[in-house]
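Student: Residue numbers (the working numbering), protein chains in the order written: chain A, 7 to 257; chain B, 291 to 453; chain C, 470 to 1084.
One thing to keep in mind: the hints can contain errors.
What the simulated footprint calls covered on chain C by chain B, stretch by stretch (three residues with Cβ under 8 Å from a Cβ of chain B suffice, anywhere in the stretch; the number is not a length) [stated by the list, open to error]:
#, segment
1, 699 to 711
2, 741 to 754
3, 763 to 775
4, 806 to 820
5, 910 to 923
6, 1070 to 1083
None of these hints come from the bench; they were simulated from the model. Note that CB positions come from ideal geometry on N, CA and C, so glycine has one too.
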Amino acid sequence: MSIRLWIDDREVLAEPGERILEVAQRQGISIPTLCHHPALPVLGACRVCLVEVQQGKRREITTACNTLVQEGMRVATDTAEVRGHRAMNLELLRARAPEAPAVRELATQLGVARSRFRPPAQNPLPNCILCELCVRACAHLGHHALAAVGRGDKKRIGLPHNRPAEACVGCGSCLSVCPTRCILLKETATTRTIWGQTFELVRCKSCGAPVMTEAQRAHAIRTKQLPEDHDDTCELCKQSAASQRLASVVW
Amino acid sequence: MSAQAVIDPAELDEVLARHPQGQPAGLVNLLHDLQAAFRYLPEQALERAAEHLGLSSAEVYGVATFYEGFHLKPRGEHICTVCMGTACHVRGAARLLEQAERDLAVRAGQTTPDLRFTLEQVNCVGACALGPLVILDGKYHGSMAPDRLSRLLGKLSDKKGSK
Amino acid sequence: MARIANAAALAAYRKQQRALRPAERKAIAVCAGTGCKAFGGLEVFEAFRAALDAHGLAKTWDLRATGCHGFCERGPLVLFFPEGRLYQRVKPEDVEEIVTRTLLGGEVLERLLYQDPVTGARHEKEHDIPFYRHQRRLVLAQNGQIDPTSLDDYLVLGGYGGLVKALGMDPAAVVAEVKRAGLRGRGGAGFPTGVKWEICRAAQADQRYVICNADEGDPGAFMDRSVIEGNPHLVLEGMLIGAYAIGASQGHVYIRQEYPLAVERLELALAQARALGLLGQDILGSGFSFDVHVSRGGGAFVCGEESAMIASLEGRRGVPRRRPPYPAAQGLHGKPTNINNVETWATVPIILEKGADWFAAIGTAGSKGTKIFSLVGKVNNTGLVEVPMGITLREIVEVIGGGIPGGKAFKAVQTGGPSGGCLPAEKLDVAVDFDSLVREGAMMGSGGMIVMDEDTCMVDVARYFLGFLKFESCGNCTSCRDGLEQLHALVTDIAEGRATSGTLDLLEELAETIRATSLCALGTTAVNPVQSTLRYFRHEYEAHIRDGRCPAKVCKALIHFSINDKCTGCTLCAKNCPQKCITGERKALHVIDQARCIKCGICRDVCKFAAVDVQ
Ligand SMILES: Cc1cc2nc3c(=O)[nH]c(=O)nc-3n(C[C@H](O)[C@H](O)[C@H](O)COP(=O)(O)O)c2cc1C
Ligand code: SF4
Ligand code: SF4
Ligand code: SF4
Ligand code: SF4
Ligand code: FES
């Protein structure tokens, strides 16, 4: 049975178990986010996706990414109060991650030209906003190399025992989901260095572009995500080979 | 490395054997038992705990560092804990902590280099009527004053270490 | 001890135990609660044992080490039954004299009686002492009487009678009874317990859980500790009744690791109850099966929050999650779960035993029954007090608590711990119930009540709670983790004289965002200590900011110590100064080197001539 609710005075239908954010996005209503990824479990850490929700007599400011839709809910995504609280949370994040373009842009959009706050005392990974997207992505892929460590104002992202982790395969997925791009990754022609380890790169048999790391391939074969005789051709080369085959048939 | 850093593998096996394998829900209780056996959580113990419960090192490390009650570094022979609960605070607990920091030349949460003393603070042990309170090696000392604490610590450090 | 098969067998066993100890039998109850123990309660107990043996009285006098009697300030406490006579501040050296003169000679030892600090009157009976006279002890009623390690003690006083009644009722009727009693959760939020049970009971599931929240994280509260240490079966009985009503077969007690004695008492009580068949399969032949597991917390205040507690019980980091879904629908291991506080559980057997109407007659319209507070801080009679809802703060602080020590002036009382607020003298006549306290900007909380006098700086108090909370935040939310750190930094600026006129505005703006946008109640209530002190003690903030002055003379950056001409040159301060920054000849006026002074205040404490001033 569908749930009927209102977002910015627009009547919309949603399924039970859906969250406000996904329903709004489907309607083309955009809500800013920093810690959300549709393929990963929700966390609700950045507190940027704020909306105002009225449910019966209860009215509250809450986060859209992790709030379940409910019958009769009235959601407002762009009130002055919502913008004010988003701006304050971005001002806090701006003190933590002054050089992160995503934070800076969003902050500027909300009128936060600079932060009135000092940089936090504990900030071992500069510009990290502790959104745990990296941790969630790494776990989702079955590697579980990264951890959220400590708590409170000492929370940080790191590797167990602060040394290179056996579980890390150097896939770089953590960086690709990181909204602040604050994870260090260095590549040479043959290697990739990330989280204190250097990995050999597997290159495309056809064009020579890097496809993945050796460790990543070994992990994928071990977990049967890839066949044992997986051929290391990059997607681009696979596509062009396919289109060449197609062309040879047509012409 | 100190003597404490070497852990007895048989003892480790014995603690692990008391906990059902492959049940991650038991992690916090297992960490308590490991800490009771080794006085802190050595890296090796954490790694074995992860294996035993079917968790990753990262998950276990994340949990062990989340809770204030777990110690990842070896602890001193004597533990001096200053209660920083509200009741103790309004009765001057901060001064006790400062006194202990001066006497032991370490900050709260640290252990002296000779592993004789660990200085800790705790949020409240529920003995508020006794505040300000210091716990020395498990014994409660109520209505503490900086000079009395100094004398108590002095007495302990004069005594020969047990090892 | 063999398993008890049904209610009739329990009644028979109870009768048999009662026959072994007639009510007129004389008993000595030595308090072995944490407070009295620290004052030497166990030594007193041992001295009694030896003395009774030596005088051949071991058979005539029942000697018991009991849980906390509440009057921790005057410990070690010894109670004599059946008279109810109380001796306080008893030392092992006193015991021989007590045995020969009081037990054998029937004489009352004046010096061991409690003396009222105001009137000077001595009180012989416990119930005559103002500290006890104005209390209404339901949950704590048996603490001073039973040996918490003895299930028989509990049974003799009628224990597990509430369970027997419940098992004879339909589970839905038990829920209805608790609802009718108007019991509200004692863990902080005051949610109606019966309603909570009903929701959990209605959730479709093959398995349900009940959890006892014994995490007691409020720094300044020890009610739950004392209830478990002093009467563990009462809590257990409450959980049994709740589990039966809800339809749960498994229970957990999540208990602070800082409470080893409570863990021990609880484990023992569980073993005793299992042996007697009060836990396990087919309890008292009712077909109801239930068992309880004890889990120690890891030392994280946030784990008192329900969803964080569940995460911790599942072996994860104690990070709260967005609700709904509520634990009643999706809790531990995804199953419907009902969490109640220790005191809530401990109240349940009393409601079943005495009836909902009896219970609902105590308290106010919206808040029924009694509440235990740990009355601490700058108050004469610190300890545990159980009072009927609706009593005023003044009665608690001035009558039960006996006022402020040392003739100092009362400044504020803090309730609700880190989520609560500070109320000033003008608010002392506020009734203590869930709704009135919230209206005034404080809250009931779990029961910490901290009294502050003129020497307490409210800016320092706010800073203390913020320091606690930024450390105890789970670190998930930007608003809570970074917000509290920044808020703490702003208040520190004020305390250290660095604040400007804009500081308070920024502070208030930030506090509002933390309150409005954090995920769990730790974050949303974390600003209460700041907002409530700003509401009632704004002038103190302003004195720090505008005049660079700490009115209570606490904030170190704004005070300095100096020696006045009352100095006799005794050199005591110079000897004790950790900085060695006091100079002066013997018998001559001493001087403090301000540049090196760290403002520890030791010189002021040790000076016997009040020659050290603080400005
Ligand atoms: C940060 C935080 C800490 C809490 N700590 C406790 C606690 O120590 N003990 C407790 O009983 N409830 C605590 N609570 C309240 C519980 O989440 C929950 O409301 C309570 O256990 C429900 O039981 P009750 O209905 O019997 O009060 C805490 C809540 C929060 C948000
Ligand atoms: S590079 Fe390593 S840490 Fe990053 S996602 Fe891949 S396995 Fe995880
Ligand atoms: S490293 Fe990036 S993805 Fe990971 S927590 Fe920090 S900001 Fe988020
Ligand atoms: S409000 Fe604070 S404690 Fe609660 S989830 Fe957010 S960061 Fe954690
Ligand atoms: S306040 Fe402390 S440091 Fe300063 S003079 Fe007195 S004893 Fe010395
Ligand atoms: S996107 Fe919702 S809290 Fe970050």
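Student: Each hint should be assessed against the structure and marked as holding or not.
Tutor: Here's how the hints hold up against the structure:
Only residues whose beta carbon comes within less than 8 Å of a beta carbon in chain B count, and the segment 699 to 711 of chain C has 0; fewer than three means the coverage is violated. For the segment 741 to 754 of chain C, the assignment as covered by chain B is violated, since 0 residues bring a beta-carbon within under 8 Å of that chain's beta-carbons and 3 are needed. Counting residues of the segment 763 to 775 of chain C whose CB lies closer than 8 Å to any CB of chain B gives 7, which reaches the minimum of 3, so the coverage claim holds. Against chain B, the segment 806 to 820 of chain C contributes 0 residues with a C-beta closer than 8 Å to a partner C-beta. That does not satisfy the three-residue criterion, and the hint is violated.
Taking a C-beta to C-beta cut-off of 8 Å, the segment 910 to 923 of chain C contributes 3 residues in contact with chain B, enough for the three needed, and the coverage statement holds. Counting residues of the segment 1070 to 1083 of chain C whose beta-carbon sits less than 8 Å from any beta-carbon of chain B gives 4, enough to reach three: the coverage restraint holds.
In this structure, the earlier hints numbered 1, 2, 4 are contradicted, and the remaining ones agree with it.
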